[in-house]
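As given, the protein sequences belong to chains Z and P, one line each in that order.
Numbering-wise (the numbering used here), the first sequence opens with residue 1 and increments by one.
Numbering-wise (the numbering used here), the second sequence opens with residue 1 and increments by one.
Just so you know, the hints here were simulated from the structure itself, not pulled from any lab data.
Just so it is clear, the structure is predicted and the values come from calculations on it, not from any experiment.
Just so it is clear, CB atoms sit at the ideal spot from N, CA and C, and this is done for glycine as well.
Errors might be hidden in some of the hints.
Taking lysine-lysine pairs in the DSS-like style, the calculated list, with each CA pair at most 30 Å apart, reads [to be verified]: (1) P/K235 / Z/K25; (2) P/K70 / Z/K126; (3) Z/K227 / P/K70; (4) P/K235 / Z/K270; (5) P/K211 / Z/K126; (6) Z/K227 / P/K229; (7) Z/K126 / P/K271; (8) P/K211 / P/K70.
Computed footprint of chain P on chain Z; a stretch qualifies when at least three of its residues, placed anywhere within it, have a C-beta under 8 Å from a C-beta of chain P [unchecked claim]: (9) 90-96; (10) 219-230.
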Amino acid sequence: MSSCFQTLSDYGLRSIGYGERLLPKADITLCEQFVLIGSGMIWNIYFAVLALLLGFFFATVLALGKNSNLSLFNAPCRLFIFIFRGSPLFIQFFFAYDLFVLLPRLGFDIDLGFLVVTVETRWLTKAWLGALIVLFFNTSAYAGEIFYGALRAVPSQDLESADAFGFTGIKKFRRIIWPTMLRLAWPSYTNEAIFMFHATTLVFFTGFPAWQQKGDAIYYASYFADKTFNPFVPYPIVGFYFILLTLLIIGLFGLINRRLNKHLPTNERKRLRFNKYNLIR
Amino acid sequence: MFSYCVDPKTLEGLMWLSCYVTTAKHMSFYFSFLVVMGLLSLAAPLAMAFGFAGATASRSTFRIIRSLGKGYLAMIRGIPDIVFFLFIPIALDQAFEYLRHKVLCSDVTEPIRQGNDFVVCAAAKLPLNTASEWVHDIYGFFLALLAFGFVFGAFAGNVLSGAMAAVPKSQIETGEAYGFSQSQIFRRILIPQMWIYALPGLSNLWMILIKATPLLFLLGIEDIVYWAKELGGIKTGVYEYPHPDWRAWYFGVLMIFYLSLTYLSQSVLDKISTRLSQGQATMAGKAG
Numbered sequence: 001m002s003s004c005f006q007t008l009s010d011y012g013l014r015s016i017g018y019g020e021r022l023l024p025k026a027d028i029t030l031c032e033q034f035v036l037i038g039s040g041m042i043w044n045i046y047f048a049v050l051a052l053l054l055g056f057f058f059a060t061v062l063a064l065g066k067n068s069n070l071s072l073f074n075a076p077c078r079l080f081i082f083i084f085r086g087s088p089l090f091i092q093f094f095f096a097y098d099l100f101v102l103l104p105r106l107g108f109d110i111d112l113g114f115l116v117v118t119v120e121t122r123w124l125t126k127a128w129l130g131a132l133i134v135l136f137f138n139t140s141a142y143a144g145e146i147f148y149g150a151l152r153a154v155p156s157q158d159l160e161s162a163d164a165f166g167f168t169g170i171k172k173f174r175r176i177i178w179p180t181m182l183r184l185a186w187p188s189y190t191n192e193a194i195f196m197f198h199a200t201t202l203v204f205f206t207g208f209p210a211w212q213q214k215g216d217a218i219y220y221a222s223y224f225a226d227k228t229f230n231p232f233v234p235y236p237i238v239g240f241y242f243i244l245l246t247l248l249i250i251g252l253f254g255l256i257n258r259r260l261n262k263h264l265p266t267n268e269r270k271r272l273r274f275n276k277y278n279l280i281r
Numbered sequence: 001m002f003s004y005c006v007d008p009k010t011l012e013g014l015m016w017l018s019c020y021v022t023t024a025k026h027m028s029f030y031f032s033f034l035v036v037m038g039l040l041s042l043a044a045p046l047a048m049a050f051g052f053a054g055a056t057a058s059r060s061t062f063r064i065i066r067s068l069g070k071g072y073l074a075m076i077r078g079i080p081d082i083v084f085f086l087f088i089p090i091a092l093d094q095a096f097e098y099l100r101h102k103v104l105c106s107d108v109t110e111p112i113r114q115g116n117d118f119v120v121c122a123a124a125k126l127p128l129n130t131a132s133e134w135v136h137d138i139y140g141f142f143l144a145l146l147a148f149g150f151v152f153g154a155f156a157g158n159v160l161s162g163a164m165a166a167v168p169k170s171q172i173e174t175g176e177a178y179g180f181s182q183s184q185i186f187r188r189i190l191i192p193q194m195w196i197y198a199l200p201g202l203s204n205l206w207m208i209l210i211k212a213t214p215l216l217f218l219l220g221i222e223d224i225v226y227w228a229k230e231l232g233g234i235k236t237g238v239y240e241y242p243h244p245d246w247r248a249w250y251f252g253v254l255m256i257f258y259l260s261l262t263y264l265s266q267s268v269l270d271k272i273s274t275r276l277s278q279g280q281a282t283m284a285g286k287a288g
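Using the sequences and the hints given, assemble the complete structure.
In structure tokens:
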């Protein structure tokens, strides 16, 4: 047991570059597999959380744009959503990586007042930025389509009441349209969030290199499967971690869902359940 | 391909390009598009079969079969599909070899798992070491196909079991009132009526299946992604057709291929949906 604590301190943060440099090679223990694959989950969570947080706002913009009557806003939003929803994420990763590699290597100094940061274009060829951008665009497009559908489904009575009470412009959107849109979209959006977490497993199988063997959960799982030639241990461990994560997401989004539905009579509230949501992206 | 392609170094412009895109390797690249279409046309019915079995099992009156079916349908919600794509082909391969080893080489007493090795006798290897290249290719494709069928079967099973649950209860009770047996109700009432409820989910599933086909690359099959990487990489002067890094172009072509495939599918599916909702007591049916 004490050796497993040792393994935890050696490999617990291996995926972000702390601890033992060399990966276990021979006599791989169950503990090592659990710890290292769990360490890889840091990357899956990093990608999905940031992409979802940023994508949430961009998706709202895309949905409003697609709903706009002005073709200046409408056309680019439609095209963006079509491109990212119509092609495989796997190909998007390859395409984006190969484009980023072709960019000239430049550095820009950005003065933050207290600190000067040099932003370099070569960061785009690293997974932490390049893959994050692809995931951000991808989830924005899918969530944008979900929000657009919800926006179209906002009851006209709500809008008429808003007009009657003298709500206009930003205030009408902020107080009436947006909360209802979110409430209607929330079950599908939960589904999208789960898919986003699952989609992060693709990153290190595309062009983006796992520099110094800092990879995600499935990167280490396939490493162990190759080394031990036994797929029956590492892949179920990944599955175990992801089931935990999925349950966590449903719990968290369920809390938000409860808040969004708070004003409704109890019999009209919809609950999020593991076995009830529509699982198709 | 063309007679003037004998010495590519002397060619320029369109002539060079016409020779470049007709090399033997490019022909393999074009053939791999057919492999994708082949996978789609085989995986879709296989997934429907798996899904149908899963959905039926999850409604079974036997508790063990029911929980097996429900577990099969539920696991895809929590676990990323890539895990299954990596796991199933290698697990199946080892399972087949293990069984063949037990049957064909029963006299070998050494354990199969020796440390980090998986050792079966030569006669149990799949495919046999003596088998030709194409047998290995077909076997790899077959394992990949099973993985696709299994994963998308779970997706389809969820859609179908949802559709079965959506058929109005009164229809089934009417069947019982007329003295239909359970299997008659299943075949004559439940199955014919569920399709309209299953259609939106199944169309969606078809789109996901299209977008999952490049994952063949992960299974070690020489598919379009493999060839795009291979052909697009920098070719120095030692090659017949030297060119800089063109991978972005090749993947651009793949993007266009998939966008047109999904666009085309969407318009066909929209037509089917309009056709099937004609005369139905729904908003879509009455609007027409």
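Here is how each hint holds up against the structure:
Proposed proximity of P/K235 and Z/K25 is contradicted: the alpha carbons are some 35 Å apart, above 30 Å. With a C-alpha separation of about 41 Å, the suggested pairing of P/K70 with Z/K126 is violated against the 30 Å cut-off. The suggested pairing of Z/K227 with P/K70 is violated, with an alpha-carbon distance near 33 Å, which exceeds 30 Å. Restraint check: the Cα-Cα separation between P/K235 and Z/K270 comes to about 58 Å, which exceeds 30 Å; the hinted pair is violated.
A distance of roughly 24 Å separates the Cα atoms of P/K211 and Z/K126; the hinted pair therefore holds under the 30 Å criterion. Restraint check for Z/K227 and P/K229: the C-alpha separation of about 26 Å stays at or below 30 Å, so the hint holds. Distance hint between Z/K126 and P/K271 is unfulfilled; the C-alpha atoms sit about 43 Å from each other, more than 30 Å. A threshold of 30 Å between alpha carbons decides the hint, and for P/K211 with P/K70 the separation of about 26 Å falls inside it, so the pair holds.
Closer than 8 Å: that is the beta-carbon criterion, and the segment 90-96 of chain Z has 5 residues meeting it against chain P, so the requirement of 3 holds. For the segment 219-230 of chain Z, the assignment as covered by chain P holds, since 7 residues bring a beta-carbon within under 8 Å of that chain's beta-carbons and 3 suffice.
In terms of the numbered hints stated before, the structure departs from hints 1, 2, 3, 4, 7, listed from lowest to highest.
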